[in-house]
Amino acid sequence: GAVVSQHPSRVICKSGTSVKIECRSLDFQATTMFWYRQFPKQSLMLMATSNEGSKATYEQGVEKDKFLINHASLTLSTLTVTSAHPEDSSFYICSAPPDGNQPQHFGDGTRLSIL
Amino acid sequence: TQLLEQSPQFLSIQEGENLTVYCNSSSVFSSLQWYRQEPGEGPVLLVTVVTGGEVKKLKRLTFQFGDARKDSSLHITAAQPGDTGLYLCAGGTGAQKLVFGQGTRLTINP
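Chains P and D, in that order, give the protein sequences. Counted the way the working numbering counts, the first sequence spans residues 1 to 115. Counted the way the working numbering counts, the second sequence spans residues 1001 to 1110.
So that you can see chain D by itself, here it is in the shape it has in the complex (with noise of 0.2 Å):
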């Protein structure tokens, strides 16, 4: 069973300061994506990567995938009250299925 550690679960900041979210796994995934998540509502996608070592920019918001494809990484530039939200990894595997990591319940405080 291929599995996604997603951390921290829970991180509380105060504006402008830079946040990384985590999200390691011993299995190789085909591509990873990132989603944003409010309450009451479905997922929203924000980034997907498929490349070992590639890196996306997002305005604030930096992606990277492992060379490897087995861990990425969300970073937060000057995090603001907007980016608090629950953020979601997702790796992809055979058959267009996908594993989610536990998710990250971010709240920027002004």
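If we strip away everything but chain P, and leave its shape as in the complex, we get (with noise of 0.2 Å):
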């Protein structure tokens, strides 16, 4: 089946520090992968929309400038969150559908933690 890899799975690092998380697709290759978050004990909030080759589309309310997006190959989507401070400290979660017609399957989540 679809497999799609997220990494790391975990990230403990200071404020102001920015953190790289990476998303990828296994065994299919998707021009489209999508970015949540789910705070603690809430459901997952759709951060952003990543585009293979062009710029990403971000939801109402999530800074382009803080979260930076790059789908720069087939199966490869980073999401860097920059000058990180405790309040962006989050699950957050990558997926990608194999093809338009199918459900999305999701990456095991990177837990991140700005001390």
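Think of the hints as simulated: they come from the structure by calculation, not from any bench. All values derive from a computational prediction rather than experimental measurement. All C-beta atoms, glycine included, are put in the ideal place defined by N, C-alpha and C. Incorrect hints may appear among the rest.
[To be verified] Derived DEER-like restraints, expressed as beta-carbon distance ranges:
id, chain 1, residue 1, chain 2, residue 2, range
1, P, Q60, D, G1016, 23 to 31 Å
2, P, E87, D, P1039, 30 to 38 Å
3, P, E87, D, S1007, 25 to 33 Å
4, P, P40, D, S1026, 38 to 46 Å
5, P, Q42, D, K1057, 23 to 31 Å
6, P, M45, D, L1019, 39 to 47 Å
7, P, L74, D, G1052, 28 to 36 Å
8, P, T57, D, S1030, 14 to 22 Å
9, P, H7, D, G1082, 26 to 34 Å
10, P, E87, D, K1057, 23 to 31 Å
[What the hints assert, rightly or not] Partial selection, computed: residues in chain P whose CB lies under 7 Å from chain D:
id, residue
11, L26
12, I93
13, P103
14, G107
[Said to hold, decoys possible] Straight line, CA to CA, 25 Å or less: simulated SDA-like cross-link-like pairs of lysine to any residue:
id, chain 1, residue 1, chain 2, residue 2
15, D, K1059, D, P1039
16, D, K1097, P, M45
17, D, K1097, P, S15
18, D, K1097, P, L26
19, P, K41, D, P1008
20, D, K1056, D, Y1022
21, P, K41, D, E1005
22, D, K1097, D, D1071
23, P, K20, D, K1097
Starting from the two chains in their separate frames, assemble the complex, guided by the hints.
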């Protein structure tokens, strides 16, 4: 089945650090990937749509200069949380649909903790 | 903005009981997915329903998509402690986006 790999699974760093999270589709190509954020005991909130070869599309209220997204190949999207602060601490999850008619497959998430 | 209202948000029952989780919206969705999420992991797909009125069964789990494709339900028969987890419904919209419900945190007590 379609597999989405996310790395790293856990990051703990100091305030002001920039953190990069990778999302890879392992056995299929994904022209589109999605980035979600999930706070404790809450559901997933879509942050942005990552588009291969073009700019990402951000949801309302998500700062594009804070959360940089790069989708340089058909199997890799990266999310960089720039100058992270404690309020950015969250569980970040990516997903990708194997093709337009199939449901999305999710990575295992990245737990980001900013001290 | 399309919204999915999921209920109940918390449910704690005894092993062997039946339960139903609901997802409702005023919007029509092209598809409806149900996921289960364990702590510290990403959601895992349980089922996708795409046709109004569609019913799918997965062992003791029964999923239904409303005739108008605005609502869905998940029914679990004879719940077991292994069913404990966070259940999420998600509606498919244009451009492959998903709108998630608030989630139902289910606890099955032995």
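To see whether the hints hold, each was checked on the structure:
For Q60 (chain P) and G1016 (chain D), the Cβ-Cβ distance of about 45 Å falls outside the hinted range of 23 to 31 Å, so the restraint is violated. Take E87 (chain P) and P1039 (chain D): their Cβ atoms lie about 22 Å apart, and the range 30 to 38 Å is violated. For the hinted restraint 25 to 33 Å between E87 (chain P) and S1007 (chain D), the CB-CB distance of approximately 29 Å keeps it satisfied. About 28 Å separates the C-beta atoms of P40 (chain P) and S1026 (chain D), a value inconsistent with the hinted range of 38 to 46 Å.
In this structure the hint that Q42 (chain P) and K1057 (chain D) lie 23 to 31 Å apart at CB holds, the actual value being about 29 Å. In this structure the supplied range 39 to 47 Å is violated for M45 (chain P) paired with L1019 (chain D), their Cβ-Cβ distance being about 26 Å. In this structure the hint that L74 (chain P) and G1052 (chain D) lie 28 to 36 Å apart at CB holds, the actual value being about 34 Å. Between T57 (chain P) and S1030 (chain D) the C-beta distance comes to about 19 Å, which sits within the given range of 14 to 22 Å.
Remark: the range hint 26 to 34 Å for H7 (chain P) to G1082 (chain D) is upheld by a beta-carbon distance near 29 Å. Between E87 (chain P) and K1057 (chain D) the CB atoms are about 43 Å apart, so this pair departs from the stated range of 23 to 31 Å. The restraint placing L26 (chain P) at the interface with chain D is violated, with a minimum CB-CB distance near 14 Å, outside the 7 Å limit. Here the hint on I93 (chain P) is kept, as its CB sits about 5 Å from the closest CB of chain D, short of 7 Å.
Because the closest C-beta pair between P103 (chain P) and chain D is about 5 Å apart, less than 7 Å, the hint holds. Look at G107 (chain P): its Cβ gets to within about 5 Å of chain D, closer than 7 Å, so that hint holds up. For the proposed pair K1059 (chain D) and P1039 (chain D), the alpha carbon gap of about 23 Å is at most 25 Å, so the pair holds. A hinted pair counts as satisfied when its Cα atoms are at most 25 Å apart, and K1097 (chain D) with M45 (chain P) qualifies at roughly 11 Å.
A distance of roughly 32 Å separates the Cα atoms of K1097 (chain D) and S15 (chain P); the hinted pair therefore is violated under the 25 Å criterion. Restraint check: the Cα-Cα separation between K1097 (chain D) and L26 (chain P) comes to about 21 Å, which is no more than 25 Å; the hinted pair holds. At roughly 14 Å between alpha-carbon atoms, K41 (chain P) and P1008 (chain D) fall within 25 Å of each other, so this suggested pair holds. Distance restraint check for K1056 (chain D) and Y1022 (chain D): the Cα-Cα separation of roughly 15 Å lies within the 25 Å cut-off, and the hinted pair is therefore satisfied.
Simply put, K41 (chain P) and E1005 (chain D) have alpha-carbon atoms about 16 Å apart, close enough for the 25 Å limit, and the pair holds. At roughly 17 Å between alpha-carbon atoms, K1097 (chain D) and D1071 (chain D) fall within 25 Å of each other, so this suggested pair holds. Taking the CA atoms of K20 (chain P) and K1097 (chain D), the gap is about 23 Å. The hint holds against a cut of 25 Å.
When each numbered hint is compared with the structure, violations occur for hints 1, 2, 4, 6, 10, 11, 17.
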